[in-house]
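Throw the hints in and build the complete structure from the sequences for me.
Protein chains: 2
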Amino acid sequence: VARKAFTVGIACEGKMKEADYVGIVSGRDVDKFAVAGLTPIKSELVDAPYAHEFPMVLECRLLHTLELGIHTQFIGEIVDVKVDQSALGEDGLPDILKIKPLVYDTAHKGYHAVGPLLGKAFSVGKEWL
Amino acid sequence: VARKAFTVGIACEGKMKEADYVGIVSGRDVDKFAVAGLTPIKSELVDAPYAHEFPMVLECRLLHTLELGIHTQFIGEIVDVKVDQSALGEDGLPDILKIKPLVYDTAHKGYHAVGPLLGKAFSVGKEWL
Numbered sequence: 001v002a003r004k005a006f007t008v009g010i011a012c013e014g015k016m017k018e019a020d021y022v023g024i025v026s027g028r029d030v031d032k033f034a035v036a037g038l039t040p041i042k043s044e045l046v047d048a049p050y051a052h053e054f055p056m057v058l059e060c061r062l063l064h065t066l067e068l069g070i071h072t073q074f075i076g077e078i079v080d081v082k083v084d085q086s087a088l089g090e091d092g093l094p095d096i097l098k099i100k101p102l103v104y105d106t107a108h109k110g111y112h113a114v115g116p117l118l119g120k121a122f123s124v125g126k127e128w129l
Numbered sequence: 001v002a003r004k005a006f007t008v009g010i011a012c013e014g015k016m017k018e019a020d021y022v023g024i025v026s027g028r029d030v031d032k033f034a035v036a037g038l039t040p041i042k043s044e045l046v047d048a049p050y051a052h053e054f055p056m057v058l059e060c061r062l063l064h065t066l067e068l069g070i071h072t073q074f075i076g077e078i079v080d081v082k083v084d085q086s087a088l089g090e091d092g093l094p095d096i097l098k099i100k101p102l103v104y105d106t107a108h109k110g111y112h113a114v115g116p117l118l119g120k121a122f123s124v125g126k127e128w129l
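Chains A and B are the protein sequences, given in the same order. Everything in the first sequence is counted per our numbering, starting at 1 for the first residue and increasing by one. Everything in the second sequence is counted per our numbering, starting at 1 for the first residue and increasing by one.
No wet-lab data here; the hints were simulated from the structure. Keep in mind that the hints are not guaranteed to be accurate.
Copies of one chain are not kept apart here, so a pair can be met inside one copy or by any two copies together.
[To be verified] With a Cα cut of at most 20 Å, we get these calculated EDC-like pairs of lysine to aspartate or glutamate:
| no. | residue 1 | residue 2 |
| --- | --- | --- |
| 1 | 4 | 91 |
| 2 | 17 | 44 |
| 3 | 126 | 31 |
| 4 | 4 | 67 |
| 5 | 120 | 13 |
| 6 | 98 | 47 |
| 7 | 109 | 127 |
| 8 | 32 | 91 |
| 9 | 32 | 80 |
| 10 | 82 | 31 |
In structure tokens:
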């Protein structure tokens, strides 16, 4: 919070165990990057590190902090998005089926895969226009 | 905004076309519920309607409104969650594989399915504790 910066590494299928572990422990108590075999990289844009091993990372400048009760919500401006070359589509944009992000089921605390494309947004509903 | 209330219907596989349509048009211009064949239900808890046809609905009291630039962020307190009986698991909690929510890919504007359970949260990373 003092650094007004944070990064978000997208938890993905290949790093599920690592993502779960860094969510369980606090960086105040243990060097969790080292324990999970993650490599901290110093961001050139914001004053926060990110893990080299995650295929997609958001670097954020902290804009707002909201106390919501049991949680504190941090709202940031994304100043850069870094994606592994191998996770990009032919059009150069991030490919969700290559990144394989985890979908979190809060009710049953489960990590799910992203399934196949079902339809295009701003498109499948157009027949009613 | 004046009513300090909103509802969130979870877009699901069976209502993809409806969800896409109501995201394209504005309720100021057209009775989008009627066009999409959705039934508006008056919430008993907040001053906003929801669509009967969505399997999971959140009824929210508006707490904060944040101007973020191209978007306005609304933060609400969820005062009730309504889920169709048929979308509940044996434990009485919402079952993500029965609700079949859509996962949105912003990069390619695609609606994806939720895939299979890969692991349990606060569990798969425990071996490093």
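Practice problem: Indicate which option fits the pair residue 4, residue 67 if close means a Cα-Cα distance not exceeding 20 Å: within, between, both or neither. | Solution: Answer is both: 16 Å inside a copy and 19 Å across each meet the 20 Å cutoff.
Exercise. First find the shortest C-alpha distance between residue 32 and residue 91 inside one copy, then the shortest across copies, and answer within, between, both or neither for a cut-off of 20 Å.
Key: neither (35 Å within a copy, 34 Å between copies)
Exercise. With 20 Å as the alpha-carbon cut-off, assign the pair residue 126 and residue 31 to within, between, both or neither.
Key: So residue 126 and residue 31 pass the 20 Å test across copies only (15 Å; inside, 51 Å).
Self-check item: Within, between, both or neither, where residue 17 and residue 44 count as close if Cα-Cα is 20 Å or less
Solution: neither (27 Å within a copy, 42 Å between copies)
Exercise. Check residue 82 against residue 31 for me: Cα-Cα at most 20 Å, and say if that holds within a copy, between copies, both or neither.
Key: Classified as neither; 24 Å inside a copy, 41 Å across copies.
Practice problem: Classify it for me, residue 4 with residue 91: is the Cα-Cα distance of at most 20 Å met within a copy, between copies, both or neither? | Solution: Classified as neither; 33 Å inside a copy, 42 Å across copies.
Quiz item: Under a CA distance limit of 20 Å, which applies to residue 109 and residue 127: within one copy, between copies, both, or neither?
Solution: Only across copies: residue 109 and residue 127 sit 17 Å apart there, 37 Å inside one copy, limit 20 Å.
Self-check item: Intra- versus inter-copy proximity for residue 13 and residue 120 (alpha-carbon distance at most 20 Å)
Solution: Answer is between: at 12 Å across copies they meet the 20 Å cutoff, but 24 Å inside does not.
Quiz prompt | Homo-oligomer pair classification [residue 80, residue 32; C-alpha up to 20 Å] | solution = neither (24 Å within a copy, 37 Å between copies)
Practice problem: Using 20 Å as the alpha carbon limit, work out where residue 98 and residue 47 are close: within a copy, between copies, both or neither. | Solution: Result: close neither inside a copy nor across copies, 28 Å intra and 42 Å inter.
When each numbered hint is compared with the structure, violations occur for hints 1, 2, 6, 8, 9, 10.
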